[in-house]
Amino acid sequence: MSSTAMWIVLGATCALCFALKLLGHLIPESWLANARLQRINALIPIALLSALVIAEGVVVKTHLVIDHRLAGLAVAVAALFAKAPFPVVVVAAAVTSALVYHLH
Amino acid sequence: MSNLTRSTVRDSLSVAVTVGTYGVAFGAASVAAGFSVLQSCLFSLLTFTGASQFAAVGVVASGGAAASAIAAAAMLGTRNALYGIQMAPLLNVKGWRRVMAAQITIDESTGVALTQAPLGVSAMREGFWITGLGVFLFWNVFTLLGALGAKALGNPASWGLDAAVPAAFLGLLWPRLQSNFLRLVAVASMVFAILITPWLPAGLPIIATTVVAVVFGWRAR
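Chains C and R, in that order, are what the protein sequence lines are.
With our numbering as the guide, the letters of the first sequence map in order to residues 1 to 104.
With our numbering as the guide, the letters of the second sequence map in order to residues 1 to 221.
What the hints contain is simulated information worked out from the structure, not anything from laboratory work.
We put the CB at the ideal spot given by N, CA and C, even for glycine.
Certain hints may be false.
Derived coverage of chain C by chain R (criterion: at least 3 residues anywhere in the stretch with Cβ under 8 Å from a Cβ of chain R; other residues may be distant) [what the hints assert, rightly or not]:
#1 15-21
#2 44-52
#3 59-73
#4 76-90
If we strip away everything but chain R, and leave its shape as in the complex, we get:
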């Protein structure tokens, strides 16, 4: 194995292990929302995109309608489509490999692939596959552990699980706030969500907040 490859493998695996362990938080949140251990594992195996999964179970936990939960998850999933558009020409795969590549097209696999650009196309491909498959493995194992753990614990509030969920969202949001503009968008979204909460059915304010993204993204800055 060349030095070049070794650094790509190291980057990919460290991301895969770190991100995979977040699966504990998802498994616990999902069971706390009322989903079974089996359903929680199916979420991670088949949806396999953290923010969307958290959103779906989060809306259910807050008493929102099924349509709100599905819409919030799908809205958060649209960025994976944009990643796919960038990754497809790079990976250049067909048939079942393309289906597999699509399933592991997430923040982390795309992120690692793009950061390997200085090392060339083969390092980018390697980064994509090792990170994507690595996160898939760890994310699913840790989802099962989190779901079983939450099942054994019982009352979510008694163990702080009801605060772990918003803290997890905050933890997913925090690294994205790279500029004052993005921090402003986050604060505006929170204020907007607080203002509309008393006026809309549960779960709907979450989707309605996409309006803030449209307003701030409308004009170039």
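This is chain C alone, in the form it adopts within the complex:
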């Protein structure tokens, strides 16, 4: 991605995310009434975060690729099951992935 495009990503992300926050403070509470919209909105973070795990963990461009990252993810899953705190999960995944990367 070009340097200009990266500045555009940064600027637009900042502007849109702030606009959404401010919008919430400006519109009346009655807008919360639509139950379907609320249900869908509550599920969006789960769907997007799940897709991001896949996109970052087992995808290169448009191909599924199994590599050192998956070993890191497997350890992250184990750490989460063991109720490890967030920093431990991330560091354990990184260390595992780096080890597999160098051994390979």
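Following the hints, position chain R against chain C.
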């Protein structure tokens, strides 16, 4: 300081410090995606909503288009609007204080405010402001540290940074999976993302997965 206030302050600060340290992971992920240290810090100062920030740099790192990165970040940011609708009547502020309140309207400040409900409105307000401002401070300091650290380390794969990013997403996702239904939505989203990945340009499968949220949220359960 009353006992009531002290427990609110303690809750707020413990959340602020814990969540703030995640900023290290963001700073590192952002630099690994090709953003500069300055750009990484601007993300945390101006966007200040973790999942959206991770999404924007994540899509860039995976070779996606700028529009995909921006759309994924904005979709994840819509929940802050819903938090704002809940928080505005509670905080009851105008002018620059409202702008400040909007910027710190995130998962954590809203969450702590709502859990203080049994202690009354003033404890809820206090929880919102202390948590929001506390996360803001720590999140930005730790973003800078993570970005500088990643810059010094060099090749992301060599230090496992390329696995730290999906692990961070998983860590953000995990606490949300409170029921079998929500776990089903997560698994369905992952399967859907895997199935459509070979057919769409990089980055687009992430946004396309919102379809799964629409399908599962359409009917009441």
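Structure-based check of each hint:
no., hint, verdict
1, 15-21, "holds (count 5)"
2, 44-52, "holds (count 9)"
3, 59-73, "holds (count 11)"
4, 76-90, "holds (count 8)"
The structure fails none of the hints (numbered hints given earlier).
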